[in-house]
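Please construct the entire structure, taking both the sequences and the accompanying hints into account.
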Amino acid sequence: MRLEETDQLSRTIAAPLDAPLALVAKVRGALRLRAVNTQAQALGIAPGQTLADARALHPDLQVADMDEEADRHWLKRLAEHCIAWSPLTTTAPPDGITLDITGGEHLFGGEAGLAAQAEDAFTAIGMTVRVAVAATAQGAQALARHAPLPIRDEREALRALPVLALGLEDEATLALRRAGLKTIGDVAARPAASIAARFGAEAMTALRRLLGEEQAPITPITQPEPLHFERRFAEPVALQASIAACFLSLLHEAARTMEERDLGGRRFVLTLFRSDGARRRLAIETGLPTRDTASVLRLFDERIAALADPLDPGFGYDRITLFLPVTELLVASQPALDGNAQDTAALADLIDRLSTRLGPASLCRLAPQDSHIPEQAQLALPAIHERMPVPWPQPSAGEPPIRPLFLFDPPQPVEVIAEVPDGPPHRFRWRRKLHEVRLYEGPERIASEWWRRKGGEAPGKGGLTRDYYRIEDARGRRYWIFRHGLYEEKPDPRQGPRWYMHGLFA
Amino acid sequence: MHDRAAPAEAPRRAFGIASLDATLGGGLARGRVHEVYAAESDDAASATGFTVGAAIGMVDPGRTVLWLRTLRAARLGGVAQANGWSELGGAPGHGLVGVVGDATALLRAAVDALRCTALGAVIVESWGTMRELDLTASRRLALATEQSGVPLLLLRHDASPVPSAAQTRWQVAAAPSQALPGHAPGRPTFDVTLLRQRSGPSGFDWRLEWDRDQRMFREAPLSGVVVPFSACGQVATGGNGSAFPDDRRAA
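Chain order of the listed sequences is A and B. Counting from 1, one number per residue, gives the positions in the first sequence under our numbering. Counting from 1001, one number per residue, gives the positions in the second sequence under our numbering.
For the record, the hints were derived by calculation from the structure and aren't laboratory data. Keep in mind that a hint or two might mislead.
Restraint-style ranges between C-beta atoms, simulated for each label pair [what the hints assert, rightly or not]: (1) B/A1179 x A/L297: 58 to 68 Å; (2) A/L307 x B/A1010: 35 to 45 Å; (3) B/A1022 x A/L248: 33 to 43 Å.
The structure presented is a predicted model; accordingly, all values stated were derived computationally and were not measured. Just so it is clear, CB atoms sit at the ideal spot from N, CA and C, and this is done for glycine as well.
Put into structure tokens, the structure is as follows:
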């Protein structure tokens, strides 16, 4: 027995669910509809139409690009969940999943019960599904795709299918239709030899498979066994040494398994189950995939040392598990002679250790961000996730530094005396000290990001402009000071614009 | 163990300034601890600029520089900016910035980092007196840097010098820069004092200007009051102590 599901795969787009929607793709230079939802179907829009024709019929048709890769991926994920019903499960692209349920359907209440369960499960996640059961995979696929549901008599239903269900090439299908053979039953009624002579041997094979006269095995998808290792104890263990030894043996077992599969762990989760039901979870992460037990053990030591409340075995642990949720390909390789690989590994090891001890957000790599607002120009990314050096733009030669080494966040208010209202500062008071301005350069005018504000395009609503001055005081200290708002922007009617210390130059 | 007692001669990176390199015996040594004190807390950015410049001189291109700061330094001194780092000629893309809660964690992270030979240099920045950095801790840092050859630049703001195992100790203050046309501030300029040097002369002042394009320090053109020592052969026998009083700041 086989069961087949056909899904109309659609993606989440920003449109109301009940609006007509079509997915389009470029076919021979024209945008054609590849899939439509039921609302669009009701309006007479069908796959295969050009987008221009469909738009002419219904200008308010919502359109999104077909993403075949995402659909394939989604189909595979759905198929992986179907393994719950049968281990022999495979995808039938573009929109089907085939399950070989022979001998297993009674566990779910027979064919009908299994079909109902599958339908419920897919409806629950918002998928439309058509389920059909037939003697062969091809028969089930054809019924699910082309037959009117529900199916009362499998044999009759198969014979009533259009010749399109044979899944032959367009030319052969057209030739069958031209010969007056509209349904599978018509084709099956003809002598096999003449069909094979006129439409090729594959037409006969397809027909036999559809009618259940010939079996074709399916290739089930395989799922790697999760990397989950555990030790159970008849008597709870509380001794530090026993726990450590058990953990070490778990790590060795994990390393052996990973080596067989050419994998390295990126995330290790240790769970300690106490005999009174309490459970303690410890997780570490590494920047590079690893199966080196010593370095993983050291990271766990760091993690345990950094715990706010220490591990308390109480009356002992009765179960210890190690789970590796994130793994990556790690092929054993010969070390390069220049020692670069060794350096990379040593640096990754240091980053792992410091990130585990201090927390991943404490050790950062600075990456440029596309913004002209100074405090948003850089992004601090956790070094454990950002392995490669990030390129930064080079400053232009011959110029003094125009951006400060340190930035205050938030900027610190300063009292400024300027000679003219919109002019540069003359002297200023910062951190209770008075500074005389000796040299200055500016203003460098940085406008606010008015396009990010609601209604920011209206005059006076876009936020205040900043006028930055590079300043050196009498003692040679270099500052970056800005005036928040121009005089004509009237930031504060009583006081005029405020000044802020934003950064320090070397 | 004998190399611990008498560490092998470390490779040096010259400043490119004759008098400075002669005093240091050829330049700043890699694989040693160098302390940089800000003269006043307002000179923190200048001291950092000098340190970043010294690090750029000591690091081979493509090597990672680890900059460890205490939470207090990040709060008082401001957020370290990759743009500003790059404006000084550094490669912030190859840099890592770590912010550490307290001094103990800072020193522990520094020792771990110094043992990693893949790093180009380690900059450790702290604010205020750090009781945890006693002679033992300092010696531990020195041993780690001697063994790996990774230089440690220990940047200290708002602190007064304490005995340590550092190779050199510097004091850095901001100095007026050579103005550009239009009264614009020029290149970063520092008043640098070599407070102490292990088995070498010390107590000299220089006014240095950081040339970003050449990635090196230059002696700043003099502007009146300051007369720095140009030749120091005459005081090379002076030993550890301060051979000359620091009369500039008094002037």
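Consistency of the hints with the structure:
Taking the beta carbon of each, B/A1179 and A/L297 are about 59 Å apart, inside 58 to 68 Å as hinted. Separation of A/L307 from B/A1010 is about 39 Å and conforms to the stated range, judged on CB atoms against 35 to 45 Å. About 56 Å separates the C-beta atoms of B/A1022 and A/L248, a value inconsistent with the hinted range of 33 to 43 Å.
Of the numbered hints given earlier, the model fails hint 3 alone.
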